[in-house]
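So the protein lines, in turn, are chains X and B.
Just so we're aligned, residue 1 is where the first sequence starts under my numbering, counting upward by one.
Just so we're aligned, residue 1 is where the second sequence starts under my numbering, counting upward by one.
Just so you know, these hints were derived from the structure itself, not from any lab.
Honestly, I wouldn't trust all of these hints.
To be verified - Here are the simulated DSSO-like cross-link-like pairs (lysine-lysine), alpha carbons at most 30 Å apart as the crow flies:
1. X:50 to B:90
2. B:37 to X:48
3. X:48 to B:33
4. B:54 to X:14
5. B:19 to X:58
6. B:90 to X:48
7. X:55 to B:33
8. X:64 to B:33
9. X:14 to B:90
10. X:63 to B:90
11. X:58 to B:37
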Amino acid sequence: MNNTPPKFWQRLLKWFCDVELYEEISGDLDEAFYDRARDQGVRYAQRKYKRDVLKFFKPYAWKKLHLERQQSPLLGNYFKIALRNIVKHKQYSVLNAAGLILGMTCIFLSLLYLNHELGYDQFHSDADNVYRVQRTYRSQTYAVMPFKDYWGTAAEDQLGYLIELKKNPQIKNVTQFTSTNSPTSVPQHYIQKVNGERLVENNILWTNSGSEFFQVLDWTFLKGSPKSALNEKYSIVLTASAASKYFGSDWADDANLLSRYLSIDSTNYQIGGVIANVPDYSHVDFDLIVNTPKIPSWGNYTYLRKSPDMSESELLAEVNNAYLRFRPGAADNELEKGLTVERLPSIYLKSNALYELKTPGDIRYLWIFGIIGVIILVVTVTNYFNLTTALYVGRQKEIGVRKVLGALKSNTISQFLFEALLIAFLCLPLSLLLLQFTLPFFNAIMDINLENKVISDPNLIAFAVLLPIVIGLTSGMYPSLVLSAKKALELFKGKLSNTRSGFGLRRTLVGFQFLLLVGLGTTTFFINQQLKFIQNKDLGYTQEGVISINVGGAQIYSKMKNALENNPKILQIGSGGMPGNEMFNTLTYKMLNASAQDINDNGTHLVVDAGSFEVLGIDHPTLRDLSKDKSSVFLINETAAEVLATSLQIKPEQLIGEVFQMEPEYNNEEDGTMGIHYTIDGIIADYNYFTLKEEVNPMFIEVQAKPLWTYEMLFKLSTDDFFATIDAIEKEYDKWHLEEPIQVEFLEQRLASLYKNERQIASLTVGLSTLAIVLSVLGLVGLVSFITKTKEREIGIRKVFGARTRQILLLLNREFFILAILATLLATPLSYWAISNWLEVFAYRITPGYFVYIAAGLLCVLVVGTAVSLQSYHAAGKNPAESLKNEQ
Amino acid sequence: MLQLGNLEETILLLVMIMKDQSYGYAVSKEYQKQNGKEISISAVHTVLSRLEKKGLINSEMGGSTEERGGRRKRIFKMTDYGIRTIQELKAHRIRLWDQLPQLG
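Build the full structure now, drawing on both the sequences and the hints.
See below:
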């Protein structure tokens, strides 16, 4: 047994005892210990010692805050030293700050975006109890519920399903509406202002459920009351911007506004109220809500508010029961697959039914955003970490002196943490400023309207304060712990960079930066490749100079065709079949001779005239027959031929002349046949009628010599005087259409808009990744040049011993080379996984090639190699005497 | 007059007796010697600091010894106020004693 006071108890005393009292107390205890050890034996002395330590554990001896005596002059000193260091290492400080500012700004941006996307439709007061009813028919889920007899439903019958739903008292409110934004409704209407001016309005919501609408979806009323706003049979509620548009910007001062009328399509509607503009984060968008007895569509969007006591499964059952009461035949109809419900707040992100009111958000994009945000944060912190650790190596003497003068371990730790926090907080306002400047650009790219909530929303403010704290603490932690653990003498003597742990960690970090570089670089590269691929893919038809306009029926079509045919700038004219659509509803079909099991439900039926194919440059020999005697030709595409031939176990060519049955469930009451029969005339090559996100599906194309009905007129125009020709078409159009104005669509534009979402996300990913890469490269170059700089003496000594410049370069580069290879090996599967996931959206996609990863790895080595070589070449070129003389 | 507890009074007297040798552990040893009772070092420390706070004694850090691991002692000395107080206390006690009827 050793005859010293017990170590643990000594340490315990030091831990809880106040600094001011520690010396005398521990001194007394030690003295007592040795006295007792001498007189009564070590064992007794030790027992006594322990008891004494315990007895000192009372408020008198506890640690106290000595803020006024120690900390504050030190804080001032820390501040001064921190500023001096920032100024001394200008280059690194700027690099650090730039990284921090950019990094934080990106994180704020991602956060704002996530906040926006996740907050959809939450503002409705009872959002969690509001549901949309959806219908599954064939294999597709529709956001739209059809009226009893579709377009031909009488006004009072349109409410049929709602009446059935309301029979259950648990379903509190129901409403139905359609919107000009829906492909199932009339896209635009005409509003006559008080002064007689006629304006086109294309953002109207039509309902026939009156003020109950506001019981389901509530909005902020500026004028009028939600209880009565839509009580009149023909009434209307305007948003603030629509009110300014139709009643002038001083509408709020108009005391009689609520007794005024607005004329839509020649019907007068009484103004029932004005509400605030619809926020960006609502999936239902409109400028006017019109209450009318008959909704102008074949179907509607049905929303309901249930009682909080009703469970979702009860609701689901009730919704289906009501549907069977409303449409008794549905139970026996094989095509009816039942109704589903979707909670209001999850419609935007989770639902992806046919005819959504707003293109749904993609949850994967949110992931991409979150991940990029985190990556940038990590790059920022690693950069900062790397550079500061490197800089701290040069500050060992400072810490040594501080320790000699009595700085405690905790003082050193707090000094470095203070410095890191100081820098992070200095960067915060700059980052917020940058955010303010970048937000408009971000909004423009993403086509949204984010507000800078970081300075208004309490949660986000808290985050904005927390972020620099987290960054400061994580980046300051390591250097402070390493330097504070050293004894003063070691600090004067040794080099920190030689210690195993410091170097190992730094090496890991450099490797990690490599990994990010290779991963992000390659992912970005592939995203770019895919977008180029889509733009350049041969779609199977001509895009250049193709436009379409709306046309009011087959008669007007042929009159306009006759008039425009002779215009030399108009090369071809056709009706129907403009490609570049989002997928729409599909039909069931089979060969007449095939069995019922062979009914497929993924077909698209297209009716065009021969001119339409001429416009698009699609040709088939059977089309010549049209000019002779045939009035129509029935073609199927290769995909359809494949499916149909398999069902009859024949070759695709043998299908020609066979009878094809569309909608085999449909019973033609006039002649008793099932489905619609066509004789197949030919097979044409696949072409992408829908977006490239969808694979080509079976298509059945009826090419008519003269269209029986049409609503779409196609033109192929010469590129000379392109817009003059469009003017000529518009003039002709106006002769025949009094009500509806012309809508011109350019095929190339339409195709581009199909990939708007993908393009937005891709440009953003590319932008942010480039930023992350630049940050990463800057950090790496800074770090590498610093490390090399600290090795100047080593280089000098090697030279003295006869090493050649080439050998020195090789030696210094070797380490980074190994790191780059390792990082590339690790990054490859990660990046491959990420990019394959993204590519899955596209039916037509590139295959990521492995050589790109090798190239990226090599590029990394090249960049870092250049940085190392330049720095060390400089050192190696120096006279060794110079660098050796240069005492570190 | 300032009120002093019994222990406080005893320790104050000990500090006075021990002159410039009075520090925590020494006081506790002296206490045991004079009173025959043991007292913990921490109790002595607490009382000393209380007395110092009352202004009866003051202290400075004094010499260190090998036994103490090179750590200094806090040496306590009477202040003028302390001496005055102890004199008043003594006078007060004597006054009381004097008023006592003759014992036995």
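Cross-check of the supplied hints:
1. X:50 to B:90: Measuring from Cα to Cα gives roughly 39 Å; hence the hint is violated.
2. B:37 to X:48: 16 Å, holds
3. X:48 to B:33: Cα-Cα ~18 Å, so holds.
4. B:54 to X:14: The hint holds at about 27 Å.
5. B:19 to X:58: 28 Å, holds
6. B:90 to X:48: It is violated: about 36 Å lies between the C-alpha atoms, which goes past 30 Å.
7. X:55 to B:33: 21 Å, holds
8. X:64 to B:33: 34 Å, violated
9. X:14 to B:90: Outside the cut-off at roughly 41 Å; violated.
10. X:63 to B:90: 38 Å, violated
11. X:58 to B:37: Measuring from Cα to Cα gives roughly 22 Å; hence the hint holds.
The structure is inconsistent with the numbered hints 1, 6, 8, 9, 10, although it conforms to all the rest.
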